[in-house]
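Participant: With the sequences and hints as input, model every part of the structure.
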Amino acid sequence: MASMNLIKTYVTVLVEVQPDGRKIPKEIIWKNGKRFEVTRVFNCRRAAAMKVGGTGIRYEIEINGKRTMIWDEEGRWFVEEKAG
Amino acid sequence: MKGRIIALLDINSCYASIAIQENPALRGKPVAVTGATEERCGIVLAANREAKLRGVKTGMINREAKAWCPDLVQVPPDFYQYQRYSSIIQKIYERYGPTEMFSIDEGWIDLTTICRDVEDGALVCKDIAEEVMFETGLTISVGVANNKVTAKLGSEYSPQGSKHKVPGTITAIPPERYEEMCYGLKVDELLGIGSRLGPKMCGMGLYTIGDLANCNPDRLQQKFGRMGHILQVRALGRDTSPVIPGHTCAPCIKSFGNSTTTPFDLCRDEDVWAVIYNMAEAVGTRMRRHGFKARLVEVSFRHSTMFGCSRQRKMALATDSSLTLAKQAFDLLKQHAPRDYSIRAIGVRAGDLQPSWFPEQTTLFADPMKSQRLSDMECAVDRIRERFGFYSVQRAVMMTVDPRLVINATGEHTVHPHSFY
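These protein sequence lines are chains A and B, in that order.
Just so we're aligned, residue 1 is where the first sequence starts under our numbering, counting upward by one.
Just so we're aligned, residue 1 is where the second sequence starts under our numbering, counting upward by one.
Read the hints as simulated data drawn from the structure, not as lab findings.
Some clues are possibly wrong.
Think about it this way: if two alpha-carbon atoms lie no more than 25 Å apart in a straight line, the pair counts; the simulated DSS-like pairs of lysine-lysine are [said to hold, decoys possible]: (1) K31/A with K51/A; (2) K29/B with K82/A; (3) K29/B with K2/B; (4) K66/B with K52/B; (5) K34/A with K23/A; (6) K51/A with K29/B; (7) K23/A with K91/B; (8) K186/B with K223/B; (9) K66/A with K51/A; (10) K29/B with K52/B; (11) K254/B with K186/B; (12) K23/A with K66/A; (13) K2/B with K126/B; (14) K223/B with K51/A; (15) K126/B with K51/A.
Facilitator: Have a look at this one:
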C-alpha cells in the first residue's frame, strides 16, 4: 500500500508493557537489523493511517531527535516508510 | 417537556470504504466488494460512491457490474476487518451515550442526556463523525430525531431527491418538521417495510409514509394484523422503542439457517439430499450448541434460471435433530421444485425456537426412545467434531456424492444483519 512515496511497513518493536497495561515502544528494529531507540513518546491515540492504510493506536515518538509516528495494529506495528 | 434525542449513524458504503481505507491506492476509483465468480458467488456485496454513480448496484452479478463499469476494481470480502472496524466505531459511539448496533454498519445512540434538542444532537453528531474519520478514515451519514425509526429515515434522507445520498450528511428531523420532511417519502423507506410489504401497501393505495400515517387503522389491522398498527405508529413518527445498550450485531436468536451456492447445478435427488443434509447438520449443530429446538423448518432454493422460492412447514414436535430437519426440508423441496429441476443454491432454516429443556406434550404416534437415541447420536457426532475436526466423521451419503458438495458450513457460516425484530 502506497501513497505519495510512502509504503506501509511492518516492523519489529521492543515494547515495554506497564502494570496498568499501557504499552511503550522502546526500540524499533529495522529490516536490515539496524536498531533505533525511541527517546520520547509524545502521545498515543487511535488514528487512521490515511497515507498507507489501516487503523491502530498511533504513537507520536522521537527517534534521533526527529518526530515520527508508529502504529500498533492489534499487536502488529507498522510505520510509513519512504519508498525508494 | 424535552423529548428523546436519538441518532442513527450509518457507515457510508461500509465494506467498500473499509477496503479502500486498508488500501489507499483505491481511493477515487470505482470499487466493489464482490463474491468469487469462480465459486458462483459472484455478486456485488457493496460498492463505493464512484461505482454507484456509474450504475453498479448491490446484488448485481459481477459480469453485469463490469458491463456498467469496465474499470471497476473488484475486491474480495474481508469480514474480519468489517467486524473490527465496526467494534472500533461502536466504542466511539459509546463515549457519547447508550449505543445499540442495528447491524455491522449502523448504530443508534441515545443522546437525550447530553443534548438540548434535535438540532443540538446534530452538532454533537458532527463531532462524532469527525472522530470516526480521524480514528478509522471512514465517513458516516447521520439522522437525528426523537425516535429510532425517524432517525433512520434521516440517515437516508436526500432532500434534493438524488438517488445517491451524499456521504457524511447529517440530517436533523425535529418533531415539528416530521410531516414536512417525511410524509412525502415512499412507504418502503420506512423501517420494517421492504420488498414484501411495500407492494402490498401500494396495492392498498398507500404509496407514501403520509398515506400510511393517515390510513384507517382498521384497514391496516385487517390486512397486516398487529404489524399494521406498529407500522402506522412508526409512520406517524411516534415509535417509542428504546435504545438498548450493549445490543450487538448478534441479538437474541430467532432462527438458525445455513445456505450455500453449489459449485455446479444440481439435477439429481442424491446431490440435493446431500447438500440439504449438509446444511441441516450445520443448523442442528448450532441449535444444540445454543440449547434450542425448533418447530418450524424452511427450505429455500434458487434455480439455475435465478428463479427462487422458499417454503416452510410447522412440525408436530420441536426438534434439534439434523436428520429430522433434513428430511422435512427435502420433502418440502421435492413438493415445490419444478419436476426437471436444476438448482444452484439451497438454504435450510429452523425457526419458532424454544429452549431444549422446555417440556412438551408428545403425540400418540411419536417414539420418544427413538428420538432420544437419535439425539444422543447427533450430540456424540458434535463432540467428535469439536475434538477432531469436522471431516473426522461424516454421514455415509456424503461419500457417495461429489466431494465439492460437502462443506463445513458450521465453521464457515457468516451472520448477516438481523431484522429489527
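Participant: State for each hint whether it applies.
Facilitator: Hint by hint, here is what the structure shows:
1. Pair hint K31/A plus K51/A holds up; C-alpha atoms about 21 Å apart against a cutoff of 25 Å.
2. With a C-alpha separation of about 24 Å, the suggested pair K29/B and K82/A falls inside the 25 Å cut-off, and the hint holds.
3. As the CA atoms of K29/B and K2/B are separated by approximately 45 Å, the hinted pair breaks the 25 Å bound.
4. For the hint linking K66/B to K52/B, the alpha-carbon distance of about 12 Å falls within 25 Å, and the restraint holds.
5. Only pairs whose Cα atoms come within 25 Å are accepted, and K34/A paired with K23/A is accepted, the gap being roughly 22 Å.
6. Between K51/A and K29/B the alpha-carbon distance is near 16 Å, which keeps this suggested pair within the 25 Å criterion.
7. Taking the CA atoms of K23/A and K91/B, the gap is about 20 Å. The hint holds against a cut of 25 Å.
8. Restraint check for K186/B and K223/B: satisfied, since their Cα atoms lie roughly 19 Å apart, inside the 25 Å limit.
9. Taking the CA atoms of K66/A and K51/A, the gap is near 19 Å; set against the 25 Å cutoff, the hint holds.
10. Distance restraint check for K29/B and K52/B: the Cα-Cα separation of roughly 11 Å lies within the 25 Å cut-off, and the hinted pair is therefore satisfied.
11. For the proposed pair K254/B and K186/B, the alpha carbon gap of about 29 Å is over 25 Å, so the pair is violated.
12. For the suggested pair K23/A and K66/A, the alpha carbons sit about 21 Å apart, so the restraint of at most 25 Å is met.
13. Taking the CA atoms of K2/B and K126/B, the gap is near 21 Å; set against the 25 Å cutoff, the hint holds.
14. Pair hint K223/B plus K51/A does not hold up; C-alpha atoms about 55 Å apart against a cutoff of 25 Å.
15. In summary, the hint linking K126/B to K51/A is supported, as the alpha carbons are separated by about 23 Å, within the 25 Å threshold.
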